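Chains A and B, in that order, are what the protein sequence lines are.
With our numbering as the guide, the letters of the first sequence map in order to residues 1 to 113.
With our numbering as the guide, the letters of the second sequence map in order to residues 1 to 112.
FYI, nobody ran anything at the bench for these hints, they're computed from the structure.
Please note that the accuracy of each hint is not assured.
What the hints assert, rightly or not - Keeping only pairs whose Cα atoms sit at most 20 Å apart, straight-line, the calculated SDA-like set for lysine to any residue is:
| hint | chain 1 | residue 1 | chain 2 | residue 2 |
| --- | --- | --- | --- | --- |
| 1 | B | Lys52 | B | Phe75 |
| 2 | A | Lys57 | A | His76 |
| 3 | B | Lys52 | A | Lys105 |
| 4 | A | Lys57 | A | Leu40 |
| 5 | A | Lys105 | B | Lys38 |
| 6 | A | Lys57 | B | Phe75 |
| 7 | A | Lys42 | B | Lys52 |
| 8 | A | Lys42 | B | Pro105 |
| 9 | A | Lys105 | B | Phe75 |
| 10 | B | Lys44 | A | Ser30 |
| 11 | A | Lys68 | A | Glu79 |
Bear in mind that the values here come from a model prediction, so they are computed numbers and not experimental data.
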Amino acid sequence: GENVEQHPSTLSVQEGDSAVIKCTYSDSASNYFPWYKQELGKRPQLIIDIRSNVGEKKDQRIAVTLNKTAKHFSLHITETQPEDSAVYFCAPRAGGGADGLTFGKGTHLIIQP
Amino acid sequence: DAMVIQNPRYQVTQFGKPVTLSCSQTLNHNVMYWYQQKSSQAPKLLFHYYDKDFNNEADTPDNFQSRRPNTSFCFLDIRSPGLGDAAMYLCATSRDHVYEQYFGPGTRLTVT
Numbered sequence: 001g002e003n004v005e006q007h008p009s010t011l012s013v014q015e016g017d018s019a020v021i022k023c024t025y026s027d028s029a030s031n032y033f034p035w036y037k038q039e040l041g042k043r044p045q046l047i048i049d050i051r052s053n054v055g056e057k058k059d060q061r062i063a064v065t066l067n068k069t070a071k072h073f074s075l076h077i078t079e080t081q082p083e084d085s086a087v088y089f090c091a092p093r094a095g096g097g098a099d100g101l102t103f104g105k106g107t108h109l110i111i112q113p
Numbered sequence: 001d002a003m004v005i006q007n008p009r010y011q012v013t014q015f016g017k018p019v020t021l022s023c024s025q026t027l028n029h030n031v032m033y034w035y036q037q038k039s040s041q042a043p044k045l046l047f048h049y050y051d052k053d054f055n056n057e058a059d060t061p062d063n064f065q066s067r068r069p070n071t072s073f074c075f076l077d078i079r080s081p082g083l084g085d086a087a088m089y090l091c092a093t094s095r096d097h098v099y100e101q102y103f104g105p106g107t108r109l110t111v112t
């Protein structure tokens, strides 16, 4: 099975600064790399994902970069805002589209005013 | 326009008393998942249905069962809840050739 490590576990940044969260995985067959955001008491929501044939994807202030050789991918959030405060999970997956997700342990992102 | 619905949102049960959690979806997705999320932890996959085929995770306790009577509904049965089963239970759906999973709002289970 997939062994997923996510760092850091807690990240505190000043509002307006950038935040980067890294996810390392073990299964070289992994081909789908999503990031989920979970606010307190709410459901996880997909914020961005990338497939193995793409190295980088950007959506406004968030981006994901993938390094398949090193088996890690990262979430980048620029110009952070208070509403970015949440727990972020990576969930790399190998195999077909029906497989369940193996989540990293999560990163608690705190945006300081 | 709710897509994945879970009922109830909060459930209190007694130690050892069977409990059933419900999930329904309006997306007509053929795959449905159940995750357990304990406080300050990541969601953990319990099992999933691919159409009518049940796929259990190797480390899911026998105490947890699931039923899927039709495409729209899926149930999580906990036969004899223990204190350690207190958690948020999340239902999710997807289409088998589309990777994104859609999560319901969750049911928070308390065991007294």
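Satisfaction of hint between Pro105/B and Lys42/A, Cα-Cα up to 20 Å: holds, 6 Å
20 Å Cα cutoff - pair Lys68/A, Glu79/A: Judged against 20 Å, a Cα distance of about 27 Å means the pair is violated.
Pair hint Lys105/A and Lys38/B, alpha-carbon separation not exceeding 20 Å: holds, 12 Å
20 Å Cα cutoff - pair Lys42/A, Lys52/B: violated, 28 Å
Holds or violated: Lys44/B to Ser30/A, with C-alpha atoms at most 20 Å apart: holds, 18 Å
Given hint Lys105/A paired with Lys52/B - CA-CA distance at most 20 Å: violated, 31 Å
20 Å limit on alpha-carbon distance, applied to hinted pair Lys52/B and Phe75/B: Roughly 13 Å separates the two Cα atoms, so the pair holds.
Hint consistency between Lys57/A and His76/A [alpha-carbon to alpha-carbon, up to 20 Å]: This hinted pair holds, its Cα atoms lying about 10 Å apart.
Restraint status (C-alpha distance of Lys57/A to Phe75/B at most 20 Å): violated, 36 Å
Distance restraint between Lys105/A and Phe75/B, which requires alpha-carbon spacing of 20 Å or less: Given pair Lys105/A, Phe75/B is violated - Cα atoms ~26 Å apart, limit 20 Å.
Hinted pair Lys57/A and Leu40/A, Cα distance within 20 Å: Violated: Lys57/A and Leu40/A sit about 27 Å apart, past 20 Å.
Hints 3, 4, 6, 7, 9 and 11, counting from the list given before, are not met by this structure.
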